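> Residues per chain, in single letters:
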Amino acid sequence: MMDGSAPAPLEVATTCPYCGTGCGVLARVSASGLTTVAGDPQHPTNFGRLCVKGAALGETAVPKGRLLYPAKRDATGLKRVSWDEALDEVASGFQRIIDQHGPESVAWYVSGQLLTEDYYVANKLVKGFVGTANIDTNSRLCMSSAVAGHKRAFGEDIVPVSYEDLELADLVVLVGSNTAWCHPILFQRLVKAREKRPEMKLVVIDPRRTATSEMADLHLPIRPGTDVVLFNGLLSYLHQHGVIDTAFVEAHTNGYARTMAIADNTAGDLRSVAAACKLDLGVLTEFCRLFARSEKAITAFSMGVNQSSSGTDKVNSIINVHLATGRIGKPGAGPFSITGQPNAMGGREVGGLSNMLAAHLDLDQPSHRALVQDFWQSPAIAAKPGLKAVDLFNAIDEGKVKAVWIMATNPVVSLPDADKVKRALAKCELVVVSDVMADTDTTAFAHLLLPAQGWGEKDGTVTNSERCISRQRAFLPPIGEARPDWWALSEVARRWGFAAQFPYASAHEIFDEHAQLTASGNADDASPRYLNLGGMVGLGKTAYDKLEPVRWPVLKLPPPLAGEDWGGGVLADDVPCETRTPPAGLPPVVSMLGNAIQGTSESAHAANPQSSPASGGGGLAVFADGRFYTPDRRARFVPTPPQAPAGRLDDDFPLVLNTGRVRDHWHTMTRTGLAPRLATHVAEPFVDLHPQDALLCGVREHDLARVTSAHGSCVVRVRMSGEMPRKSVFVPIHWNAQFASDARVGKLVNPVVDPVSGEPEFKHTPVRVEPFMVAWHGFALSRDSDAADASPLTSAAAWWTRITGDGYSRHELAGRRADSTWSSRARAMLGVDDPDADWLEYEDLSAGIFRAAHVVDGRINACLFISPRPDLPSRAWLSGLFAKPQLETEDRIGLLIGEPLSRGDDAGATVCSCFGVGRKTIEAAIKGGCATPAELGAKLKCGTNCGSCVPELKGLIAELRARQTAA
Amino acid sequence: MKQRLVVIGNGMAGIRTVEELLKLDGERYDITVFGTEPHGNYNRILLSPVLAGEKQFGDIVTHDRAWYAKHGVLLYAGNPVIEIDRKRRVVKALDGLEVAYDRLLIATGSRPFIIPVPGHKLPGVIAFRDINDVETMIAAARSHRHAVVIGGGLLGLEAANGLLRQGMNVSVVHVMDSLMERQLDKPAAKLLKAALEKRGMRFLLEANTAEIVGSDRVTAIKFKDGSEIPADLVVMAVGIRPNVELAKAAGLHVERAIVVDDTLQSLSDPRIYAVGECVQHRKNVYGLVAPLWDQAKVCAAHLAGFGHRRYGGSVTATRLKVTGIDLYSAGDFIGDKDSEDLVLRDPGRGVYKRLVLKGGCIVGVVLYGEVSDGPWYFELMQARRDITHLRQRLLFGRAYCEPQAA
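Line by line, the protein sequences are chains E and A.
This note's numbering puts the first residue of the first sequence at 264, with every later residue one more than the last.
This note's numbering puts the first residue of the second sequence at 1195, with every later residue one more than the last.
Hints are supplied without guarantee of correctness; some may be wrong.
Stated by the list, open to error - Covered stretches of chain A, going by a simulated chain E footprint (3 or more residues, C-beta under 8 Å):
no., region
1, 1475–1487
2, 1536–1543
3, 1565–1575
To be verified - Only pairs whose alpha carbons sit at most 25 Å apart, straight line, appear in this in silico PhoX-like list of lysine-lysine:
no., chain 1, residue 1, chain 2, residue 2
4, E, K804, E, K819
5, A, K1264, E, K1217
6, E, K990, E, K541
7, E, K1204, A, K1217
I should point out that these hints are in silico values taken from the structure, not numbers from a laboratory.
This structure is a prediction, so every number in the text was calculated from the model and none was measured.
Glycine included, C-beta positions come from ideal geometry on N, C-alpha and C.
Hey, can you work out the whole structure from these sequences and the hints?
So, in structure tokens, the structure goes:
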């Protein structure tokens, strides 16, 4: 704690809203309202570190672009309405459609960025009170294959590994995960651990060379879509080399024989595996040997595994290997799904997927349904799985679903075949969108817009990839009329007559109810689940507010802390962590506060590397007893015959499109797009491809290319990073229609889904790449202001991307109309109407070069650079000009010359105008020996034309002579 | 015995030729110079600063009588030649003096063109050519208020600026819609006009003078549209006419001016040379100073017996001598369909630059506000240097094109 002598600005501990790592963040708000953030040194995930996205959170917690008020669309556009009116419309609109077409005609599409409390209320409302399971989430696009894989193998969606396990492992295999970019802090932990224990090995399986694979001991650049072959091959290798933990298999699993038979049959010899996966046999063998000899092995995976038409099989092929070797339920071992969203896990816990019920209870189990309905006191309970994301939007397109409420997600950008989503929403009878941003690709289709609270305003909990529940705390007042999503949902429930079942006044009440439900019927003789927050039932507001990161399950609280309300400061200040050991007799999984998760600092961890299941490593204890959550409490092997990806390459679509993240952006950029410091690492949407493929496609680096699949196309910048294998191209997922003219890669993605999980195949769509011919390339920078309107700029271009700068916006542009009137056109593009404006320009029209700048009160207001080639000036130095209070002459010249100037040789004030000879040049010549104007003229030409400067030349000679004499 | 060289015209062209000749061979000729004006030689281009009060007459005298004496040049100032007798090879002066020549150099220059509108002979209507005109203007400025300059070209604007500096109300009447249209493109002319207006100059463009009004002195100018402005002093600066009457009378071949070949010899009589504004060379008649220097050099070499030099014509560059206004123009600044333009506009800094390129070379330059690179462009233009490799930075000047010597 800080020394209390000076009143420090309010500092709030909260959780980062980006990836599934779930880092602790300390946020401060300055007197002027600016948010600054730092890593929370106390948080057991990141111990004070933040990645660049997290560090830039302050730049995104700004009012810019926010949706401030509820709004309703009429014939003329969106009109501000009151919350009451908006909620009345939502309630009556949904009710009318339900009355006419039944509960299956409405749907919710929510998000892994909702807080657990929002998620819980949404799920409860839909499944218990509307009586449909038509609530799905963008987590469907992200880790539903992992969920399905877990359920098939373990009987419950349980991630059996923690971050500490990663540090304890002797071998970490990263599959389909660019962890270095997508989960940077987690990756840093890994790297640090490896520095301490160089014997620890890192294997990366990824078709691309990535920042992650650069760090690996072994990189397996696998042929896209052949993961199952690889892991079947590994399983068979382990079998052949006697690395199977027969005792574990016999005691705790089912289905081994059949699974092994299929593995042996499909991948029984490494040579054929290497051929199928396009791997070097030596590298493959090395990997298998490494795995075979590493007791402590973790296979961590993310989208490269999940986002596949056989994603669930991929997950199970990985789990199979761990079950067969018994490398699960032990420190430093297990299969580890790393999630992509801040609260994908929380959503899974409350049942926010259309094939789940709630609290890890199942839709298809009557007893579970009864339990939940009874708990909720609800009039109905969904009896069958609802529509999964892709199907849900198909159903909207087909008119089967007529009303949809979209919360905290942007499906028009993120779903596969995204233009179909657009079409579907365009004809949907009622589209309600809750969002923090006013203008997204999805809000454009809303009939009703509800302002949601953003990060820093909302209050609740999130769960990260290692089942650690952390508080997201509010530290900013809600902007405009933004309200919690749970509140809006509860208000609709109230309008439907369910006020009693949705009485929530604050987030902690919802969390409490959720915790109760996880404990409800959660016993060996009833409906046992590993997810159990029974120990957190009854948390009062104070204790909830003080809640420190805790990994579930949480069965019981240490005695001093259990009770009606945990006594505030007791937790953090008065009880040393070490003393907070659970009382004897509790199950070994008790992990509340003070156990493994509660490491107070990194050094504490380092000092106590032995932290073992017995001493409280919650994650380490999962399945330690060999008991799983299937009916017979045995884990299941799942046979995984390899399946090829759905899309086949042919002459029309000869390349494989892989999609993914870049380091500094997040999802559909609605938030990271606001932060200048996140904009520069990768400024533009791109297609990365192998130089040889580029040659075959006829595209050149830095030029623009159209990438086309059977479903749609986008236009992006060509990049040849050297990271791509042949036949494979990569396009990032982030760019939406607010940031680029035509870069929504979702349009291209094959909407085929995994038959079990319903997760789309984002990593394997056949495409072609063609040159996108333009007559000119350009970019514009314009100072942000309320009046700034980029539409003349973007409408003048055939292609554009917007990049957020510090106090300005940058547009990268390209156009087809070669124009001989750039001067007037540029003014129109930058909105400069005043003919007397301080407008400077350079044109070389026959070379196609044009540069212009608009200056207001000596400050740069906007500039535009045009060239026929993508060889435009450095954008970096230009940004510096926007920070300058006054442009200097050099800056003005630099703007037109298109590069920063170090001052040219200073000739001094012109003396001889005829030949442009300056005073300093002349002085130098005099010092060099010229003693008469004639001599100067012979040397410098000065004074030899009109002669009017000869007197001055004489004067200068005399002056210098006098000076020399004086000296 | 020395040969006899007679020079008709004690102006810049004639004396520069003499000077060049003396450098080459001081002994070859007995030199006699006849001049209309009663002075030694002075720098006519600097009359504008004198009018503007920035220089005194003494400052612009380049060759006083002592110079002539020192170099043994016989000067008849204020005694113009009125006849050339080619048969006898003598010139006859106004006072009857006859001087024989072996070689004759005609450097009679030009005189201002006076538009023959009614009233053009009224007192108070003058040209801007010599020190006498300047003195007239300075005197008028002391007692009169309204000056009208007819002609918005280089000379007219310099006169107008001088009169403005002398405290008069100055209006410039120009028949075209744009100032200095022979030297400037419209954007530059616009900048120039704005800058001069800021100093208080008034402009009447596309104005046709119909009549100069007045009885014993000019009082107003009337235009063809019927409008009228007050005028106590009218300066005509609408162009020059070469002084060729003498040559014509002597039977030399004269078109617009005395036609000379590449050695500056008259086509009709190889003993007779001509330089300066009275010369027509390869269809061109020049009114600027630089060609005159070039001609003087060639002519002097030839007179000195070094026949190897040839004059191939000049590309001219212009600059306006109005203090505080930097303007430079050279070559074909309008261009055509085959030419390419580099243009820079920064009105905030008062800068306009334009280069006209053709076939990778500079063919025209207009600079306003920032003219220091003008001579360099001019050099590149004259040398027909391929500037393709400099093109990206060319317009920003030599300092940005040439790697700096560390």
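> Each hint needs a verdict: does it hold in this structure or not?
Evaluation of the provided hints:
For the region 1475–1487 of chain A, the assignment as covered by chain E holds, since 3 residues bring a beta-carbon within under 8 Å of that chain's beta-carbons and 3 suffice. Only residues whose beta carbon comes within less than 8 Å of a beta carbon in chain E count, and the region 1536–1543 of chain A has 8; three or more means the coverage holds. A count of 6 residues in the region 1565–1575 of chain A with a Cβ less than 8 Å from any Cβ of chain E is obtained; the coverage claim is therefore met, three being the minimum. Proposed proximity of K804/E and K819/E is supported: the alpha carbons are some 18 Å apart, at most 25 Å.
Between K1264/A and K1217/E the CA atoms are separated by roughly 22 Å; this keeps the pair inside 25 Å, and the hint holds. Between K990/E and K541/E the alpha-carbon distance is near 12 Å, which keeps this suggested pair within the 25 Å criterion. Of the supplied pair hints, the one linking K1204/E and K1217/A holds, its CA atoms being roughly 18 Å apart against a limit of 25 Å.
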